[in-house]
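Q: Taken in order, these protein sequences are the chains called Y and E.
First residue of the first sequence? That's 4 in our numbering, and the numbers climb one at a time after it.
First residue of the second sequence? That's 34 in our numbering, and the numbers climb one at a time after it.
One side only, chain E facing chain Y, incomplete, derived with CB under 7 Å:
1. Ala-421
2. Arg-426
3. Arg-428
4. Gly-442
Here are the simulated distance ranges between beta carbons:
5. E:Arg-457 to Y:Thr-66: 44 to 50 Å
6. Y:Glu-196 to E:Arg-433: 32 to 38 Å
7. Y:Gly-155 to E:Arg-457: 18 to 24 Å
8. E:Pro-454 to Y:Glu-69: 47 to 53 Å
9. Y:Ala-79 to E:Ser-409: 47 to 53 Å
Keep in mind the hints are simulated off the structure, nothing from the lab.
Glycine included, C-beta positions come from ideal geometry on N, C-alpha and C.
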Amino acid sequence: MSGAGTSMLEIRDLHARTAEREILRGIDLVVRPGEVHAVMGPNASGKSTLAHVLAGKPSYQVTRGEVRFEGSDLLALSPEERACRGVFLAFQYPVEIPGVSNLYFLKAALNAVRTHRGEPELDAVEFLTLAREKMKLVHMDEELMNRAVNEGFSGGEKKRNEILQMAILDPKLAVLDETDSGLDIDALKIVAEGVNALRHPARSMVVITHYQRLLEYVVPDMVHVLAGGRIVRSGGKQLAHELEEKGYGWVEQEAQTATR
Amino acid sequence: MTPTAYEQHWSSAFERLEEQRSGEPAWLHAARKGAMVRFVELGFPSRQLEDWRYTNVAPIAKTPFRSAAAPERAPSLPDPEHLPVPLGHDRRLVFVNGRPSPELSSLAGLEPRARVESLARVLTADPGRIEAYLGRLAAPEEQAFVALNTAFLADGALVHLPRDATLDEPIYLAFLSHPGAEASATHPRVLVVAEPGSRASVVEVYVSLAEGVHFTNAVTEIFVGENAQLEHVKLQCEDDAAFHVGTIQARQERASRFVSYSLSFGAALTRTDVNVLLAAEGAECVLNGLYVGTGNQHVDHHTRIDHARPQGTSRELYKGILDGSARGVFNGRIVVRPDAQKTDARQKNDNLLLAPGADVNTKPVLEIHADDVKCSHGSTVGHLDEDALFYLRSRGLPERQARGLLTRGFATGVTREIADPLLRAAVERLVVKRLAATPAGGRTA
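Please model the entire structure based on the sequences and the hints provided.
A: Right, here's the structure in full:
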């Protein structure tokens, strides 16, 4: 598929719902290798749903449309297959896993991905060396590695742990779901630095955020506005500033006028 | 009550034994005889009894068990791969079909003042040494299986820790069963006497060396002296066709600390009672339990913590993991007597159901007769957290592995405090192994 070679992610007319209601109502989005796309939007516009559908959360049902990742059908894959092929979701609310150490979890995850890639598993020493190097990226305390996954972590520590996982798993497509939420300015800077360090011509990112704040540090190539389950406006990074000034009411109104 | 054929079977077996047994101390003979009479009176417990409401022992009652015979050949330990627990420790007393096996035992490097030996040997050579302890905690009057064990009491282990002795490595008491063609029974008895100020860990392990129907009816009596600290672990991983009933009776003196683990993995039907009496001021008791049931296993725990004197502390955490059509039962009773002011008792029972056919009955009971106390209890029954499962899968872990990791994480709440790292690791492996063996353990995506 030579034509697909140019896009990392291609979303066409994506509709998705929970058992209760339809949330995504026709998303179109194309992300090329190396690009960073911001998806902004008011609460309940479908931002987190989009992130979870891309990662394969079973509680969402795709009712129409398609998603291609490097040209192949992403929606046909299980969450773990998506991860192994290079899709990564940084969770807005990272889950606590009692009784499983962070270090053990990360090693198991990396080795699952490496096995899928046909690479040999890393032993404990090799993994620790790699983890220590990546921990510096997000100023992660080694003590947190021996604790249970996210258990008793502060909000900032949880978000840094997400970026650390991303650094270790080395995905091709990273979806960051409101990674800035709940962070003070210092924590935000650390997380943003970590994200920027992982920008790479072969890696694409979809940065989902409510506020423009994060985009001052992680400067996107494109900004999309999601409202009512559709992308209602796309533009360059200046669109984020416009939204900051005028609020979401402006695009929502415009979108409604357009549909009439 | 007229004895049924089921009780009569044991009564006849007792009579045959009477002809062979000679030379036992008169007090023991009287106790055994009395226990046999009492067993026939009590009969096998029926489900009409509150304590046996959820556990049907008819499969045990109906089976004409014979006394387990000595294995034909001197047994050798199977390869460690087949043994779920680290028996490789230097300090182990091993029994096969109820008989001590000197070949498989080793007590090298044991603190010289400590006694770890076969009960039968003590009863022959120096019975006076244990007369004040043996049978003083276990109550044949009320408990049919204790009565049965007492009636057939022949051997088992004595662990006697002298005053202020500290044993840095655990003592293993391994009860191995090698069932033959006929269903066989053993009635192991363990007596642990921790003199004041002593510290040790005693690990009882029950393992089957081959497949087959056998019945283990164990009783353990534990005396924890003033200021003594004792860890007692009971690990049951017998064959899936086995029946296991065990009763642990402990008594704690002033400012003593008793930590108990009941870890139950094997047997078709298993029932374990753990009863602790905090008989003096300032005693501290920790009861931990982990039960894993798969297939059609039935696993029942009844615990009773009796706060008799002031300023006692008890902490209890039992966790259950049930898969397939397995059924769990937990009944935890905490009694605070009028005298036991300033008691601080907490109890929790958490259950994880991995399959729609799995089930659990959990019943925590507080019985408080003092007013200045802190007591809490609670129980939960739940499934694996779907959000946690998705989180792990989104990082590349296959669903089966993710389920295993979460399940093991659930068990860690109990296993992480086990003092011996070898044993802790073995138990954690056992959790994974038991659950991996059943297809229901990992629902396919």
